[in-house]
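Undergrad: Let the sequences and hints guide you as you build the complete structure.
Each chain is listed here by its residues.
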Amino acid sequence: EAQVTQNPRYLITVTGKKLTVTCSQNMNHEYMSWYRQDPGLGLRQIYYSMNVEVTDKGDVPEGYKVSRKEKRNFPLILESPSPNQTSLYFCASSSTPSSPPQPQHFGDGTRLSIL
Amino acid sequence: AQSVAQPEDQVNVAEGNPLTVKCTYSVSGNPYLFWYVQYPNRGLQFLLKYITGDNLVKGSYGFEAEFNKSQTSFHLKKPSALVSDSALYFCAVSPLGTYKYIFGTGTRLKVLA
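Residue numbers (our numbering), protein chains in the order written: chain A, 7 to 121; chain B, 6 to 118.
Simulated from the structure, these hints should not be mistaken for laboratory data.
Please note that a few of the clues may not be correct.
Not the full set, but computed from the structure, chain A residues with beta-carbon under 7 angstroms of chain B [to be verified]: (1) G22; (2) M56; (3) E59; (4) F96; (5) P106; (6) G113.
Mimicking DSSO-like on lysine-lysine, the simulated pairs with C-alpha atoms at most 30 angstroms apart in a straight line are [said to hold, decoys possible]: (7) K63/A with K23/A; (8) K71/A with K115/B; (9) K105/B with K27/B; (10) K74/B with K63/A; (11) K27/B with K63/A; (12) K77/A with K54/B; (13) K75/A with K23/A; (14) K115/B with K75/A; (15) K24/A with K63/A; (16) K24/A with K75/A; (17) K24/A with K105/B; (18) K77/A with K24/A; (19) K27/B with K82/B; (20) K63/B with K105/B; (21) K71/A with K24/A; (22) K105/B with K74/B; (23) K105/B with K82/B; (24) K74/B with K27/B; (25) K54/B with K63/A; (26) K105/B with K54/B; (27) K82/B with K63/B; (28) K77/A with K105/B; (29) K54/B with K82/B; (30) K54/B with K74/B; (31) K75/A with K63/A; (32) K63/A with K105/B; (33) K74/B with K115/B.
All C-beta atoms, glycine included, are put in the ideal place defined by N, C-alpha and C.
TA: Below, the structure written as structure tokens:
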């Protein structure tokens, strides 16, 4: 089954404790992206990747890091989490970053609570 | 600044009636436009997209959207709403020549039996 898998689905942690949210897709997609969803703000793009070793900032990259060492994986790293990063996070992928862009496939989300 | 507006937080419609969920955008050039739907505790699912061509785009589950360049709008429509259409709907744009996506704040659709 074609899917985007995020882990963990839920995490409660404390300020300053480094964490990684993993994202993996099995569709051989080139394009991957991370979003955060907050009430009243919709989805905001954090980082995206056009292919292996090619990443760029979205609209809200502060406090986050990403890497794309393999095509299928695109982990989101919070080096020193803070309470304002409490949010619902989504990973997404699409077949190609080229114009026109293709529809994105989304994971089921990771709910992070940072105390 | 580039932005997407969904002016209604919630839309209520009776089952069987037509529905419209509004979206306007402020993006330079001709963007690519998308609608996604989100059900509780799930990720977003693609409904339809506008790339170029016919201003009326048909998508999944009987949904369609009308692109209006002069009004910079991309409203989502369905001729006859179902209770199962109740969900959160997001409009998104990808500005031409970028790999970025800008989403609206979402509109919660409630279809009443």
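Undergrad: Indicate, hint by hint, whether the structure satisfies it.
TA: Structure-based check of all given hints:
no.	hint	in the structure
1	G22	violated (29 angstroms)
2	M56	holds (6 angstroms)
3	E59	violated (15 angstroms)
4	F96	holds (6 angstroms)
5	P106	holds (4 angstroms)
6	G113	holds (5 angstroms)
7	K63/A with K23/A	holds (23 angstroms)
8	K71/A with K115/B	violated (37 angstroms)
9	K105/B with K27/B	holds (22 angstroms)
10	K74/B with K63/A	holds (29 angstroms)
11	K27/B with K63/A	holds (28 angstroms)
12	K77/A with K54/B	holds (25 angstroms)
13	K75/A with K23/A	holds (23 angstroms)
14	K115/B with K75/A	violated (42 angstroms)
15	K24/A with K63/A	holds (20 angstroms)
16	K24/A with K75/A	holds (20 angstroms)
17	K24/A with K105/B	holds (27 angstroms)
18	K77/A with K24/A	holds (24 angstroms)
19	K27/B with K82/B	holds (9 angstroms)
20	K63/B with K105/B	holds (24 angstroms)
21	K71/A with K24/A	holds (11 angstroms)
22	K105/B with K74/B	holds (20 angstroms)
23	K105/B with K82/B	holds (25 angstroms)
24	K74/B with K27/B	holds (14 angstroms)
25	K54/B with K63/A	holds (24 angstroms)
26	K105/B with K54/B	holds (15 angstroms)
27	K82/B with K63/B	holds (10 angstroms)
28	K77/A with K105/B	holds (19 angstroms)
29	K54/B with K82/B	holds (13 angstroms)
30	K54/B with K74/B	holds (15 angstroms)
31	K75/A with K63/A	holds (17 angstroms)
32	K63/A with K105/B	holds (9 angstroms)
33	K74/B with K115/B	holds (28 angstroms)
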